[in-house]
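Heads up: take any position in the sequence shown, counting from 1, add 10, and you land on the working numbering.
There's no promise every hint is true.
Derived lysine to any residue pairs resembling SDA-like cross-links, with alpha carbons at most 25 Å apart [unchecked claim]:
#	residue 1	residue 2
1	168	36
2	141	107
3	14	97
4	14	69
5	124	157
6	13	41
7	13	125
8	58	170
9	168	107
10	54	80
11	124	81
12	25	76
13	25	77
14	141	125
15	39	15
16	39	74
17	124	92
18	141	44
19	115	156
20	124	107
These are computed hints drawn from the structure, not numbers from a lab.
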Amino acid sequence: MEKKDHIISILVYNKPDVLARIAGTLGGKGYNIDSLCVNTTTQKDISKIVMTTSGSQATVTRIENQLQRLVDVISVDDLTNVESLHREMVLVRLNRTAQNTEAVKDAIDANKWKVILSGDTFVIIEITGDKTQIDFALARLEPFGMADITRTGLVALKLED
11 MEKKDHIISI LVYNKPDVLA RIAGTLGGKG YNIDSLCVNT TTQKDISKIV MTTSGSQATV
71 TRIENQLQRL VDVISVDDLT NVESLHREMV LVRLNRTAQN TEAVKDAIDA NKWKVILSGD
131 TFVIIEITGD KTQIDFALAR LEPFGMADIT RTGLVALKLE D
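Model the full structure from these sequences, guided by the hints.
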């Protein structure tokens, strides 16, 4: 069976321990969460969890079934093959040196990345895009000396209900 990345959107009641129960259920069955993003929705008592995992369609179906059995889970949707928008954000702190300052500035300008903070020895950049765009940006910045990065989990939104 072919392993594939899957994006799963889960609506849950915004209660303590819901995320722990989801992670425990999946981890207990040997499933890995590759990316995770959680926040409240337009309804304060409901949160949306967007997670990515990889596996065959049969594996993801089992994951969906496990999640739907949990008490505080309202709905589970696999957005992988649904028209939806996906984004990630990454903050990158680059070391700035006399040798790379111009090249760093050129890369930032050419790619329209956003400078959040700049100092004598560093620059912090914010990059938003899909997974491919983020991976490309990180590969492009690697030669400049990335001192640190923080990458969000994937967020996803269905285009239509």
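Of the hints given before, which are not true for this structure?
Hints 2, 7, 9, 11, 17 contradicted; others consistent.
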